[in-house]
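So the sequence shown is numbered by our numbering: it starts at 1 and just counts up by one.
Worth double-checking, as some hints may not be accurate.
[Unchecked claim] Estimated spans, in silico, between C-beta atoms of each pair:
| no. | residue 1 | residue 2 | range |
| --- | --- | --- | --- |
| 1 | 53 | 77 | 17 to 27 angstroms |
| 2 | 114 | 26 | 18 to 28 angstroms |
| 3 | 73 | 19 | 14 to 24 angstroms |
| 4 | 28 | 91 | 35 to 45 angstroms |
| 5 | 54 | 80 | 12 to 22 angstroms |
| 6 | 98 | 53 | 32 to 42 angstroms |
| 7 | 26 | 69 | 13 to 23 angstroms |
| 8 | 30 | 116 | 32 to 42 angstroms |
It should be emphasised that the hints constitute simulated quantities derived from the structure, not laboratory data.
All residues carry an ideal CB built from backbone N, CA and C; glycine is no exception.
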Amino acid sequence: MQKKSKENFSNSSLVHIPEIYWDYVTQNVLVMERTFAIPINDKKRLEQCNVDFKKLAKNAVELFFVQVFEHNFFHADMHPGNIFVQKDEGDVKFVLVDFGIMGSLSSFDKKYLAENFVAF
């Protein structure tokens, strides 16, 4: 599941998905690429790094739309423990981890969701 998401976003300016080192993974240990990102809920550090919160929010919405409406394959366990932020040449990029729960929507559900967004 992580592999498919990594492929979907291989050239994305929105998100980085750390590489998993499968040769070192065991039943109890997941070994992945080290990243130097800030937990999404560490507002103080994000402010200290001059993260643009409006840009971050815009990127979050775009990331959601791309996952749901373009790829129809989305990270379904998006909570602060799985979302990090890194500054990338003046821009902000999400770093996502823990792809144990993924989702997809039927055409009907995507249409219904889109209609609800348009209604607001």
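Hints, one by one, checked against the model:
1. 53 with 77: 17 to 27 angstroms: For residue 53 and residue 77 the Cβ distance comes to about 23 angstroms; the hint holds.
2. 114 with 26: 18 to 28 angstroms: violated, 42 angstroms
3. 73 with 19: 14 to 24 angstroms: At 19 angstroms between Cβs, range holds.
4. 28 with 91: 35 to 45 angstroms: Taking Cβ atoms as reference, residue 28 and residue 91 lie about 36 angstroms apart, which means the hint holds.
5. 54 with 80: 12 to 22 angstroms: Hint holds: Cβ distance 19 angstroms, inside 12 to 22 angstroms.
6. 98 with 53: 32 to 42 angstroms: violated, 24 angstroms
7. 26 with 69: 13 to 23 angstroms: violated, 37 angstroms
8. 30 with 116: 32 to 42 angstroms: holds, 36 angstroms
When the structure is compared with the earlier hints, violations turn up for hints 2, 6 and 7 and for no others.
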